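Protein chains in written order, with our numbering: chain A, 3 to 343; chain B, 29 to 773.
Hints were generated in silico from the structure; no laboratory data involved.
Treat the numbers as computed from the prediction; the structure is a model and nothing was measured.
Some hints could be false.
Straight line, CA to CA, 16 Å or less: simulated EDC-like cross-link-like pairs of lysine to aspartate or glutamate [what the hints assert, rightly or not]:
#1 B/Lys602 with B/Glu646
#2 B/Lys627 with B/Asp728
#3 A/Lys41 with B/Asp304
#4 A/Lys317 with B/Glu646
#5 B/Lys434 with B/Glu411
#6 A/Lys317 with B/Glu770
#7 B/Lys187 with B/Asp347
#8 B/Lys448 with B/Asp408
#9 B/Lys760 with B/Glu770
#10 A/Lys317 with B/Glu645
#11 A/Lys41 with B/Glu146
#12 B/Lys120 with B/Glu411
#13 A/Lys10 with A/Glu58
#14 A/Lys43 with B/Asp304
#15 B/Lys487 with B/Glu522
#16 A/Lys43 with B/Glu646
#17 B/Lys192 with B/Asp368
Chain A side only, calculated, beta carbon under 10 Å to chain B, not exhaustive [as the list claims (entries may be wrong)]:
#18 Arg119
#19 Tyr126
#20 Asn238
Cβ atoms here follow ideal geometry from the backbone N, Cα and C, with glycine treated the same way.
Below, each chain spelled out in residue letters.
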Amino acid sequence: MNNFSYVKVGSVSEARALREGNDHARYLAGGTNLIDLMKYKLESAGTLIDIHHIDENRTISSTEQGGLWLGAFVSNADTAYHPLVEQRYPLLSRAILAGASPQIRNMATNGGNLLQRTRCYYFYDASSPCNKREPGSGCPAIQGYNRNMAILGTSRHCIAVFPSDMCVALAALDATVVTQGPYGERRIPFHDFHRLPGETPEIDNNLQIGEIIVGIELPPEGFPEYHSYLKLRDRNSFAFALVSVATGLTLDNGVIAVARIALGGVAHKPWRIAEAEQFLVGKEPTREAFAGAADIILAGAVGYGFNTFKIELAKRAIIRNGMMALNPASQRPGAQPSLEP
Amino acid sequence: MAIHPSVGKPISRLEAKEKVTGAARYAGDYPVDGMLYGYIVNATITKGKILHIHADDVLNLPGVVTVISHENRLSLPWLDLKYADMDAPPGKVFKPLYDNEVKFNGQPIAMIVAETFEMARYAAFHLRVDYQAEEFRTNLGENMESARPPKVGLATSLKPPPPKDRGDFVTAFEHAAIKASGTFHHGTEHHNPIELFASTVVYEGDNTLTIYDKTQGTVNSQLYVANIFGLHYKDVRVISPYVGGAFGSGLRPQYQLFFAAMAALMLKRSVRVTLDRSQMFTFGHRPPTIQNTMFGSTTDGLIIALGHEAVAETSQFEDYTEVVVNWSNMLYPAQNVHTDYKLVPLDVYSPLDMRAPGGSTGMHAIESTIDELAYNAGIDPLEFRYINYANTDVSVGRPYSSKELKECFAQGAERFGWHKRSPAPRSMRRGNRLVGYGMATGIWEAMTAPARAKAILDKDGRLVVSSAITDIGTGTLTVMTQIAADEFGLPIDEVSFHYGDSKMPLAPIQGASWTVSTIGSAIKLACKALKEKILKKARTIEGSPLSHATLDDVAFVNGQITLIANPSTGVSLKDVIQKNQGRSIAATKLSVPNPLKLKKYSRAVHSAAFVEVEVDEELGVVNVTRAVTAVAAGTIINPKTARSQILGGMIWSISKALREETIPDHRYGKYVNPNLAEYHIPVHADIHDLDVIFVDEKDDIVNPLGTKGVGEIGLVGMPPAIANAIFHATGKRINSFPIHFESLM
Ligand SMILES: Cc1cc2nc3c(=O)[nH]c(=O)nc-3n(C[C@H](O)[C@H](O)[C@H](O)COP(=O)(O)OP(=O)(O)OC[C@H]3O[C@@H](n4cnc5c(N)ncnc54)[C@H](O)[C@@H]3O)c2cc1C
Ligand code: SF4
């Protein structure tokens, strides 16, 4: 780690002003990702602008439109355990609590969670090539150990996965990311926030340089009645998802009125396919119906060897989580699979 | 007042408070004035030559003192023997910084020394190294044709090669009515104790060093440093009272010790070197091993043929071996046996003993093949083991000094509820999960080594015993205090055990589950010698009621020496000290196992592991929902610390069977997951109901204490029991560890 200056700021405008024109400055929120990256010499900073203590918009509160505002600097833990989130958006609460560990969730912020970087093994090893870290150097994952890599939306330059759990729920909930940037406030629909690797795997999302996330807005529909988050991973806690699914449903007379299905652990962004959700509308929520939706979602899936099992696993997870959503009480801590059929 | 014996009591660790409050100092914690910090640079190629180290790039950075590499190191001995530590396998020991050759990925090739750790690490990131890379091979599976028998050396005495084949295996197997066979794959594992390897070397002037080292052998580290740097061994003192886990990784001096000592001698300053977590993946490890088994029995379940072959990885410079294939015939008295054990030298660092080395590998293959044989014969797996039970070790034709394995089976099965099992695979369910019951046997050798101990009656009449041995977190301090207390009939708070210091009486490295037996025996002996000296003095006290007493006539109880025949008369220890002009009395003894007595017996600790798993077959998720391990390990000195050892072994079993692996990328010859986020060991949510039973076992032969050691046995039987339970649940026999859910979907 190099020497850097550290500045604690009290407002968004102060933070922005310090960042302006200073290419070597980074925002520091909870630091649970950024500090690690600096220790692994994947990131370096001349100035760390500590935004963790900014009080502006640091709330979780109802919006005029009937939705919910999640301040960017609020911790993941405070968000997950907030009564409004627990009651109205339990899917989000469960997804957050399926991630990391209590200690990390206490430090991690909502803004930082959106910007955490991939957990690709080769990305983390500064002595191996990686297009995301060093554009043009190559992607050793494609023919290497790719068990935790993507099966959807990959490119020949990168097959990395965006590792967040929280964002899978935010995608399913149709959240909007609210930012302050060089051109003032922006409202970015969640599906436009993260990017696919394409030709530029070094760019994870559509945030502009220096732009700061101030909050996340949720629309009124939170699927409090029928929802489930299922996370499949190599141990029951404190491991990133190999496949995760966030499902939210509303039912009308026993048939599906609204369906949301977002996948985590399978792509460079939370994965949603509108066509599959449309397919479910008007159908009874059965294993067959969810299987049909799964086939649509996974239509273009490609395996790279070690991760090929994820295609079948994702299908089964979509089906199972659809059924789990009908009985949220069947869900267990850590987003483990239900114990009832 | 009579004192109740401490041995057999569940006494909490005496150092527990220091550990949980942070008062305990580990090797990297000792504050030293004016100390420098080293950060080691590791090779990023797997094989080749270092052409140049651009030290000039970083020497100007503020706070950087020097860069040490093969280009400017102190002169080093060329003789390999000088580098050989107590646990060195046959071969040529790796000599750090010796020349410009890179022999394995992550090889330590240089060290930055700076005023702060952060500065040293920063400079290390910026140190450019030019290499000339060469072809290498690291993949065991693809190099099986290079397998060859291991070299024999000093270490072989503790790790016997496979016994000679017996009978006619080929014919017996061919004609066996019931057969089972399997191929078993085990990958690399790294010890990963939570305490990082660190050495704080205090330069005392005049080439004299005091070293706080993370190690399982203070004397081992002491001699290693003295031999390499040509110092008198008395000028090197190694201290290591607290060790934050080691699991075998501290059996050999690790490279931070070499670097810290060299830097201190070069700069004549105190130096600390602490490895980081990724560097913890650059030295010894459990070697990948591929095994084949072929077992045959009669239709009645009597085993007649045992075939077991193993091929394991080693480095290009040392022949590290494990006892993998010797166990089957120690347990099952078949007459036709074929075993074979070979090594493939690869461009990796030498493997290193890791908890239950070889045993946990070999017994997985053996006990899962036995399970399959039982199924194929249509016999309950537990019944099958009763049918093939033996009180002698037929592999060497000797009786066991004691073997209460049957009692382990009986009590374990009862506690677990084995009788509730329905025999057919896939026949038990709970909710949406398949349920499986599995069991397996565990075995580990009961070893005792020579060691010295000292016992002192100090001037205040307190008993102080000492040994250079470490306490790697197993409870050595507590247990040794208990043993000494009972020898003198004292409450444990009147006894002190001093340890973890190379100045103290010679102890071997702390491994092989032999510490309690080895150091405990030495302490017993030293205490006896001290009692003799004390009695001799006591007899000379004027009017002493003990004037004609021998040791057999007296009892040491609560600070008094009393006549057994007349317990109301005696002499107090304080009187004896007074008679000795207020000076302490000391005795030192060397305890050596009696080879003639021991040679007539096989000596082993046994266990029976019972496991319940639930498998969510749709998603491939497995949970070990319940497990019982019953252990026959002779005298249990402290049921609490012993239980913790077994529990740790059981949790590690879950890790081994279902979680843990160091993942190699053979294109680069390196590991891709060298951190604890991606090297998965179990978390609390993985651990459910675990139960430990110690069955009564009396053994007059193993050693004077009748103890057998419980460090490794918890990790021998349970991994195969998990695999067997998964088979019972799903009908799938998965022989590669760890079992991931994709193989169960
Ligand atoms: C061992 C481990 C396990 C984990 N497991 C999981 C898991 O299972 N699931 C999961 O979802 N996550 C997991 N995480 C990741 C964790 O959730 C993220 O590290 C965390 O959410 C990041 O938030 P932070 O506030 O600490 O971000 P920081 O580390 O402070 O910042 C991350 C990045 O975001 C930028 N940034 C932060 N806030 C803003 C803002 N408001 N505007 C603009 N830029 C900003 C920073 O400049 C930096 O580039 C794990 C992390 C660790 C270390
Ligand atoms: S998958 Fe992406 S992040 Fe991983 S090595 Fe390839 S380019 Fe780098």
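Evaluated hints:
| no. | hint | result |
| --- | --- | --- |
| 1 | B/Lys602 with B/Glu646 | 73 Å, violated |
| 2 | B/Lys627 with B/Asp728 | 14 Å, holds |
| 3 | A/Lys41 with B/Asp304 | 11 Å, holds |
| 4 | A/Lys317 with B/Glu646 | 10 Å, holds |
| 5 | B/Lys434 with B/Glu411 | 11 Å, holds |
| 6 | A/Lys317 with B/Glu770 | 13 Å, holds |
| 7 | B/Lys187 with B/Asp347 | 12 Å, holds |
| 8 | B/Lys448 with B/Asp408 | 12 Å, holds |
| 9 | B/Lys760 with B/Glu770 | 12 Å, holds |
| 10 | A/Lys317 with B/Glu645 | 14 Å, holds |
| 11 | A/Lys41 with B/Glu146 | 10 Å, holds |
| 12 | B/Lys120 with B/Glu411 | 48 Å, violated |
| 13 | A/Lys10 with A/Glu58 | 14 Å, holds |
| 14 | A/Lys43 with B/Asp304 | 14 Å, holds |
| 15 | B/Lys487 with B/Glu522 | 13 Å, holds |
| 16 | A/Lys43 with B/Glu646 | 41 Å, violated |
| 17 | B/Lys192 with B/Asp368 | 9 Å, holds |
| 18 | Arg119 | 13 Å, violated |
| 19 | Tyr126 | 8 Å, holds |
| 20 | Asn238 | 4 Å, holds |
Of the numbered hints stated above, those contradicted by the structure are hints 1, 12, 16 and 18, listed in ascending order.
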